[in-house]
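Sequence order for the protein chains is L and S. Residues 1 to 624 in my numbering are what the first sequence lists, from first letter to last. Residues 625 to 962 in my numbering are what the second sequence lists, from first letter to last.
A couple of the hints might just be wrong.
[As the list claims (entries may be wrong)] Quick list of simulated restraints, FRET-style, between CB atoms:
id: 1; chain 1: S; residue 1: Ile946; chain 2: L; residue 2: Arg236; range: 35 to 41 Å
id: 2; chain 1: L; residue 1: Lys202; chain 2: S; residue 2: Lys943; range: 21 to 27 Å
id: 3; chain 1: S; residue 1: Val894; chain 2: L; residue 2: Pro443; range: 50 to 56 Å
id: 4; chain 1: S; residue 1: Tyr651; chain 2: L; residue 2: Thr481; range: 19 to 25 Å
id: 5; chain 1: S; residue 1: Val777; chain 2: L; residue 2: Lys105; range: 54 to 60 Å
id: 6; chain 1: L; residue 1: Thr481; chain 2: S; residue 2: Arg737; range: 38 to 44 Å
id: 7; chain 1: L; residue 1: Gln287; chain 2: S; residue 2: Tyr838; range: 54 to 60 Å
Derived from the structure by calculation, the hints contain no laboratory data. Don't be surprised by glycine CBs; every beta carbon is placed ideally from N, CA and C.
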Amino acid sequence: MSVVEKVSEQLEQDPTVSAVVVRFAGDSGDGMQLTGSNFTEATALHGNDLATFPDFPAEIRAPAGATFGVSAFQIYFGSDEVTTAGDDVDVLVAMNPAALITNLKDLLPGGLIIADADAFTDKNLVRAGYQSNPLEDGSLDGFRVIIIEITKQVIASVEPYGLSHKFAVRCKNMWTLGLVMWLFDRDRSVTIENLEKKFASKPEIAQANIAALNAGHSYAETAELPSGVEVYRIPRAEVKPGLYRNATGTESLAYGLIAGGRLAEVPLTFASYPITPASSLLHTLAQHKEFDVVTFQAEDEIAAVCAAIGASFGGTLGITSSSGPGISLKGEAISLACATELPLVIVNTQRGGPSTGMPTKTEQSDLNQALFGRHADTTLPVIASSTPADCFDVAIESVRLATQFSTPVLLLSDGYLANASEPWLVPDLTQYEPFPVKFETEPEGFSPANRDPETLARVWAKPGTPGLEHRIGGIEKSYTTGDISYDPDNHQKMTDVRKAKVDNIENFIPEQTVSQGTATGKLALVGWGSTFGAIHQAVKRGRAQGQDVSHIHIRYLLPFPKNLGELLAGYDEILVPEMNTGQLVNVLRSKFLIDAKQLNKVSGQPFKIREITEAITKLLGESA
Amino acid sequence: MNAPQKLTLKDFSTDQEVRWCPGCGDYAILKTIQKLMPEIDTPKENTVFVSGIGCSSRFPYYMETYGFHTIHGRAPSIATGVKLANPELDVWVVTGDGDGLSIGGNHMMHVLRRNVDLQILLFNNEIYGLTKGQYSPTSKVGTKSPSTPDGSVDMPLRPARFALGAGARFVARTIDTEAKHMTPVLKRAHAHKGASFVEIYQNCPVYNDGIFDYIKDKKSAADSRLLLEHGAPLLFGEGQQKGLRLNLKSLQLEVVALGQDGVTLDDIVVHDETNLVLAQMLAGLSAPEFPEAIGVLYCQASESYEHSVYEQIKTVRAKKGIADFNEVLKQGHTWTVS
Numbered sequence: 001m002s003v004v005e006k007v008s009e010q011l012e013q014d015p016t017v018s019a020v021v022v023r024f025a026g027d028s029g030d031g032m033q034l035t036g037s038n039f040t041e042a043t044a045l046h047g048n049d050l051a052t053f054p055d056f057p058a059e060i061r062a063p064a065g066a067t068f069g070v071s072a073f074q075i076y077f078g079s080d081e082v083t084t085a086g087d088d089v090d091v092l093v094a095m096n097p098a099a100l101i102t103n104l105k106d107l108l109p110g111g112l113i114i115a116d117a118d119a120f121t122d123k124n125l126v127r128a129g130y131q132s133n134p135l136e137d138g139s140l141d142g143f144r145v146i147i148i149e150i151t152k153q154v155i156a157s158v159e160p161y162g163l164s165h166k167f168a169v170r171c172k173n174m175w176t177l178g179l180v181m182w183l184f185d186r187d188r189s190v191t192i193e194n195l196e197k198k199f200a201s202k203p204e205i206a207q208a209n210i211a212a213l214n215a216g217h218s219y220a221e222t223a224e225l226p227s228g229v230e231v232y233r234i235p236r237a238e239v240k241p242g243l244y245r246n247a248t249g250t251e252s253l254a255y256g257l258i259a260g261g262r263l264a265e266v267p268l269t270f271a272s273y274p275i276t277p278a279s280s281l282l283h284t285l286a287q288h289k290e291f292d293v294v295t296f297q298a299e300d301e302i303a304a305v306c307a308a309i310g311a312s313f314g315g316t317l318g319i320t321s322s323s324g325p326g327i328s329l330k331g332e333a334i335s336l337a338c339a340t341e342l343p344l345v346i347v348n349t350q351r352g353g354p355s356t357g358m359p360t361k362t363e364q365s366d367l368n369q370a371l372f373g374r375h376a377d378t379t380l381p382v383i384a385s386s387t388p389a390d391c392f393d394v395a396i397e398s399v400r401l402a403t404q405f406s407t408p409v410l411l412l413s414d415g416y417l418a419n420a421s422e423p424w425l426v427p428d429l430t431q432y433e434p435f436p437v438k439f440e441t442e443p444e445g446f447s448p449a450n451r452d453p454e455t456l457a458r459v460w461a462k463p464g465t466p467g468l469e470h471r472i473g474g475i476e477k478s479y480t481t482g483d484i485s486y487d488p489d490n491h492q493k494m495t496d497v498r499k500a501k502v503d504n505i506e507n508f509i510p511e512q513t514v515s516q517g518t519a520t521g522k523l524a525l526v527g528w529g530s531t532f533g534a535i536h537q538a539v540k541r542g543r544a545q546g547q548d549v550s551h552i553h554i555r556y557l558l559p560f561p562k563n564l565g566e567l568l569a570g571y572d573e574i575l576v577p578e579m580n581t582g583q584l585v586n587v588l589r590s591k592f593l594i595d596a597k598q599l600n601k602v603s604g605q606p607f608k609i610r611e612i613t614e615a616i617t618k619l620l621g622e623s624a
Numbered sequence: 625m626n627a628p629q630k631l632t633l634k635d636f637s638t639d640q641e642v643r644w645c646p647g648c649g650d651y652a653i654l655k656t657i658q659k660l661m662p663e664i665d666t667p668k669e670n671t672v673f674v675s676g677i678g679c680s681s682r683f684p685y686y687m688e689t690y691g692f693h694t695i696h697g698r699a700p701s702i703a704t705g706v707k708l709a710n711p712e713l714d715v716w717v718v719t720g721d722g723d724g725l726s727i728g729g730n731h732m733m734h735v736l737r738r739n740v741d742l743q744i745l746l747f748n749n750e751i752y753g754l755t756k757g758q759y760s761p762t763s764k765v766g767t768k769s770p771s772t773p774d775g776s777v778d779m780p781l782r783p784a785r786f787a788l789g790a791g792a793r794f795v796a797r798t799i800d801t802e803a804k805h806m807t808p809v810l811k812r813a814h815a816h817k818g819a820s821f822v823e824i825y826q827n828c829p830v831y832n833d834g835i836f837d838y839i840k841d842k843k844s845a846a847d848s849r850l851l852l853e854h855g856a857p858l859l860f861g862e863g864q865q866k867g868l869r870l871n872l873k874s875l876q877l878e879v880v881a882l883g884q885d886g887v888t889l890d891d892i893v894v895h896d897e898t899n900l901v902l903a904q905m906l907a908g909l910s911a912p913e914f915p916e917a918i919g920v921l922y923c924q925a926s927e928s929y930e931h932s933v934y935e936q937i938k939t940v941r942a943k944k945g946i947a948d949f950n951e952v953l954k955q956g957h958t959w960t961v962s
């Protein structure tokens, strides 16, 4: 029986199959991320809901065939709501033995493997740690395997374009993509357009890749696979009507910052230093100079945050971005921004730590750093985005808080959100409430210490304004005049007012809502950040089975929404799943004196839905 | 707006009590700069002083302009941000040898190579004053200080040489108490587009008193200072009887006396402030073997960083047109769900 026959057989046996997880895996130079993103785009256009998880090594080009150099791209798509990249893999594309050995554990029993036989050479088998060839020794009997000599097929298909062997072989990701696209009935036209655009200056490369794509597709469609097989058809998902595009968290975050600047009517100065996985924010903004964004690649993390602070002093909104280790370097300067009460947005795209840790893997272990990671009493608002699309709104919110409350704001994203993509209902900026900045212009009664009585925000008076010449700095300042002051009572008062200003933000943010479930009950799962998707699905499944479980997802981590304590008190049990060793849970315990339970994972991989489901069942079982 | 009035030194003085030690060289520098400000045709409101941490970095509090007293070593970065936000502003950076060359050395290197249009004034007193007298990266070998009670053993750096090495396109040197020399040097620095680096020999009367006496005292000044003038021969000493000649074998400058061993004015190197190689040689000259160069060592016009940044933005805008951000959100591959 052919593999595809088996696939259709499985579909017949289980007609409820409405979603599939496909993982493309190969060497870091095999182009798996490109393959995955093209498949994602085609899937989005096909009308399925989807989520993706690019998982790649820190090495740019690891030695060919090495297990540590395996780069993977996972996509979960279906006709129902999709909020994670999926727990287990249905279809694994393995471009070499290393890709197979490192990814096989996630493949479902009976799952489909598509393998390039040409890459299973003795050398590659040894490098991956195989004693014998798994394609031949029967060790894959529990799976369904399509073995194709992909490399040979590719070379034949691109032969007319006269490419060297090296460039010809590079087309094999497109050949494989063509095959997988046939399997799932995806339209190739978007990929063809993308290839034409990407290789506009090298038309022969573009044409060869397109030929490979088409060849892979025809291979599956025509003579090469047995007849009588059906294509894997997945119905369209029911989603909110509107115009959609695919977006990674980085893209929607970048657009959100621009949107925030436009709503605040203030230009942006974005200063940052390259660091994985945060750099792509700099790259994205650098492409949008037409929207009052100046981007600056500084010499180091400290220079980046300082340039952003200088830019805020100069009358634009300074924004800086990094990942945990870089944020550590920025710490002293962030406290300067707190002391001088200048607006500033700091984006932390968190990664696995400590130290260099796992730069390309995700974690949410910088919450403590965000809340407490500076010298002295420097309270600043901390907010977190929960999905790639949510990054847009959270970015706007960071700009609003920074400019309305004259304060640095820390925005927490993470490596998963930054790289993962999902269909994004394109927002209409005209539907957002503007929050224009009011720069001070009136010399009469001016003091740099003046505050808005309602928000407690310090006045923003930019250089270039006649009559408002003034000095600010890191030394403690008089509450009334802004001049240097070492007065004991004044320091108490200034410390209190800086804290009161941030605490007061709770009156200007929405109350905490329950994202799924009921406002009281047996159990609430309380999450923040990118765990949203997995918690959402686990709670959905639990509720479908009659479990009394709800989901609360916190965007505002400092200050908390003012009803949060009361809300949490309405549940018998609180469980806090986090990709750290228990950071939010400790804050909730100390702030609300509740016995919150924790569920933690720090493997560099997002939670699986199953892991959370098991924790729910365990807790409800115990407390029932 | 009212017609511009002629401003005076007083208009640039704040009501803050100046808190340097009595006799500090910083007083003289402050006075010179407050006096200079009305002569510079920049509106007061467009003038910004940015400093780091250290004695010299208190400077902005005493200038009735916009000012930002920041954190240790980071003034060049903050100032870069100010210029990126508003290139129209006239930004001065005040720093010291510890602030600008030790903790902030990296930023100093990059602000100079990038050529951000700033006037960077480095008050060099060869000591950490505010932290009570530790040796600094410009202290001479053997400097006894609380952290080096038996004398420092590490090699100091010469600020002007560092600046040239980093690619600065304006490098000058002047002396705290010599307003007549400092004023025109600062005017030149101000007129220069790009990063202007001015090292100011500054006396710390408490922790390093008298280290520049050799060049300041009337008795020894003639022999220990080389007053630079573009296009003029490198002469010094009583009656300008000594000069610097290029030794073609060693490719180094050497001191010669006019009229001795057949030396004439034609043998003396003529100062050319656009000559980088000469500037590097001049920046390295140290007393007592050589006179130390005072004045503009190097000046080479080139485009400033923020100017180029905004030119690039203009080009991009011209190419893309004035785009509607809402429309940009809809770009790329989109699909409609009905």
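Item to complete: Hints the structure violates: just list their numbers, smallest first.
Response: none
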